[in-house]
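The chain contents come next:
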Amino acid sequence: KNEVEQSPQNLTAQEGEFITINCSYSVGISALHWLQQHPGGGIVSLFMLSSGKKKHGRLIATINIQEKHSSLHITASHPRDSAVYICAVQSGGSQGNLIFGKGTKLSVKP
Amino acid sequence: DSGVTQTPKHLITATGQRVTLRCSPRSGDLSVYWYQQSLDQGLQFLIQYYNGEERAKGNILERFSAQQFPDLHSELNLSSLELGDSALYFCASSVGSAAEAFFGQGTRLTVV
Chain A
-11 KNEVEQSPQN LTAQEGEFIT INCSYSVGIS ALHWLQQHPG GGIVSLFMLS SGKKKHGRLI
49 ATINIQEKHS SLHITASHPR DSAVYICAVQ SGGSQGNLIF GKGTKLSVKP
Chain B
345 DSGVTQTPKH LITATGQRVT LRCSPRSGDL SVYWYQQSLD QGLQFLIQYY NGEERAKGNI
405 LERFSAQQFP DLHSELNLSS LELGDSALYF CASSVGSAAE AFFGQGTRLT VV
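Order-wise, the sequence lines are chains A and B. Per the numbering used here, the first sequence runs over residues -11 to 98. Per the numbering used here, the second sequence runs over residues 345 to 456.
Straight-line Cα separation of at most 27 Å, DSSO-like style, residue types lysine-lysine; simulated pairs: (1) B:353 - A:93; (2) A:56 - B:401; (3) A:93 - A:42; (4) B:401 - A:90; (5) A:90 - B:353.
Just so you know, these hints were derived from the structure itself, not from any lab.
Can you build the whole structure from these sequences, using the hints too?
Following this line, the structure appears as structure tokens:
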């Protein structure tokens, strides 16, 4: 069993829909990261959180430390949101020593 | 643009060869991280340097090595290359070990 599990693996949505991507982990963590990888391959860090909730534009990330679960929500989805979303957990003090989920491939249709 | 520069963007080489991937971190960032993304393994942490010193090590093969120079740029050396080393190699940098990291665009290595 992977230490970081994401669901769903693939997600197709219509433009404007509310989207939720889930991440569960089995190790103790100091922080959780949500990353976005576009078809060209580049990776962008969306959120780094250790408790509660963060919001940036149409993106919202939440984490429940007790349940070892995080969600990434996208409101009013747009075709430009089409990308792979990757959850990663930081189990030690070093930010870079991350354990990655396998990613959720999101496709938003116009 | 994250401010992290990786060169080259693409690299094609033969098995058994050695290559060097280069990473220039964002101005002021002391930490540099290397990651490998392959089709079968996904993203994996390889190694971290902080201000010239190795700070953390992940799933890095013995055939691979890295260093961070006084000007804070970093190089990842891959030797005795195998077909399975074909992957995207990402570098990221951050101000410190506990700060958010910014990723470069990656170097796509193809071993033929």
